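Chains as they are written, first to last, in the numbering used here: chain A, 568 to 835; chain B, 385 to 668.
Hint data in this document are derived by calculation from the structure and do not stem from the laboratory.
In this text, all values refer to a predicted model and were calculated from it rather than measured experimentally.
Here a beta-carbon is modelled for each residue, glycine too, at the ideal position from N, C-alpha and C.
Be a bit skeptical, because a hint or two may be false.
Restraint ranges, calculated between C-beta atoms of paired labels, are given here [claimed, not checked]:
1. B:422 <-> A:610: 34 to 42 Å
2. A:669 <-> B:431: 45 to 53 Å
3. A:647 <-> B:651: 30 to 38 Å
4. B:435 <-> A:628: 33 to 41 Å
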Amino acid sequence: MALRNKIDMALLAKIIYLILIIFIIISPFIFIFYRAVTYRRPTGTEFVGLKFFYQITEDYWKALGNSIIVGLLVSLFDFAIAFPPAYILSKYEFKYKKLFAVILVAPMFTPDVVAGVGLSSVYFRYYRLYGTLLGTVLGLASTSYPMMFLPLLVSIKNLDPTYEEAAKTLGASPPQTILRVVLPLIGPGIFSGFLLTFVWSINNYLLPLFITGPGIDLLAVKLYSDIRWWGLLGRVAAEASILQLVTFGVMLLYLKTLGTKYLSGFSF
Amino acid sequence: MPGVLKGNPYSNYIIYLALIPTIIYITLFWIMPIVHIFIISLTYKDSFLLGSPVFVDGENYETVFAMYRESIKNSILLPFSAAVLDLVLGYPLAYLLVRKRILFKNVIRASLVFPYFGDLYISYGLWNMFLPGGLFDIFYNLFGISYRQILYTPYAVIFGLSIFTLPLMVLYVSSNLQEVDPVLEEAALTLGASPIKSFFKITLPLTLPGAIAGFLACFGWNLGGYLIPLLLGGIESGNVITVKIVYLTLQIHNYGVAAALAVILTLMTMFTTYLTFKVTKFLK
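Chain A extracted, bound-state conformation (with noise of 0.2 Å):
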């Protein structure tokens, strides 16, 4: 009996920690799409149901547009970055692999405010590129694109490797092979890098601050703004909680078709 009592309390608490800790982990976002729907009273909260979405103005859905077609290019360019030495460090040995592998890897742990000052100044002085679309695009890949490397590097390592023997023994130039066998076996990979540098780049808004200007809208900089600014109004709420739907719906499609098989290369 004693037993009995002793295993329903571990069971017990260890609901109560999942609960908490669920709870802890998701109550932020929530609680975004509630203060989007209600307004704050000092006799109490009331329920305003999509007045707040109506007041947003057509500047800020035009941001939106702008921040998917960044992202877009963000993840792009972050293929053609990442691809070439992620297929080689995971098939081919040479002098000093490991080093470039940190380098590779190492941008991800810059801090943005780090990025933004060094690319902001290194853009007014040398590459005129500060405000233009090119440079937003050029700065935000910096720091994402070991977010598609480490999926990239995950999927080649998994690859079978008879498939390409068995492209080269048929007659296969390394180009062909690259084209028609590796890249459409590792789909997923490529996939999952896209979407993870996607999510990444629509919701960054530190570094669009220092090399974005004034010259393009994005979401993310402008709902930042917005925060600092007029952090109590519904709007903004309503604001944050269509970036946040954006940002759901990319994350729910990248959960549904591949699970968290490639978030486990994030941990080294």
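Fit chain B to the known structure of chain A by using the hints.
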């Protein structure tokens, strides 16, 4: 799998050719900016950006150590406490995820991705929750305290930062735990050890590298946190290096001092990342 395409006439030089665009990109957009932060930290205000750098030796660093000592102290203490809290909250979660059949396993896995991308939402959501009229009203009424005793204190910042990096801790610990054979624990149990003893004698020592790596990764990520300290900590408690850098560059254009602070932040992150790689044997 080395040497799959060994006999290939292409293999020798195409390796280096295919890497060239990536190397050029990294040099121009990651190494160059960081090198320039070091250079700018030796120049006067925004003279470097305007085209005629005036070098002032270590003056900016003297300013940093005279005026921003508090920010540096906060930048170490707040992420450190958050990483400790992460270890306490995240380790059991990782253990349950890997070892036990639990309810809402997929919900937990999915929810762990949320904080990974958005400090924007965590800071804004938590800020709303802490304000009067938010979710924490129940808590305030229960203990009879004002919201100012929680919001704009270091505790709010630590809480926010720890939610932000919890998934990292769970990722590191669970990937380490997956490599530990559950047979070892079962053997300890069959030989008469209590579950608690088997955990502390077998599981914990074997997952220590994962826990340490997770701790370091959480610390490193929180070093770069910006909006969470700013919104939840206010002017006094949220006085961390990143907030000061943004203020110095975008508002008063003192790039020299900002770059000196950025150098300190970069060195701290690099050191933490290096230690993480060492622990996870990424370098071997």
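For each hint, the structure was consulted:
no.	hint	in the structure
1	B:422 <-> A:610: 34 to 42 Å	violated, 57 Å
2	A:669 <-> B:431: 45 to 53 Å	violated, 34 Å
3	A:647 <-> B:651: 30 to 38 Å	holds, 31 Å
4	B:435 <-> A:628: 33 to 41 Å	holds, 39 Å
Hints 1, 2, counting from the list given before, are not met by this structure.
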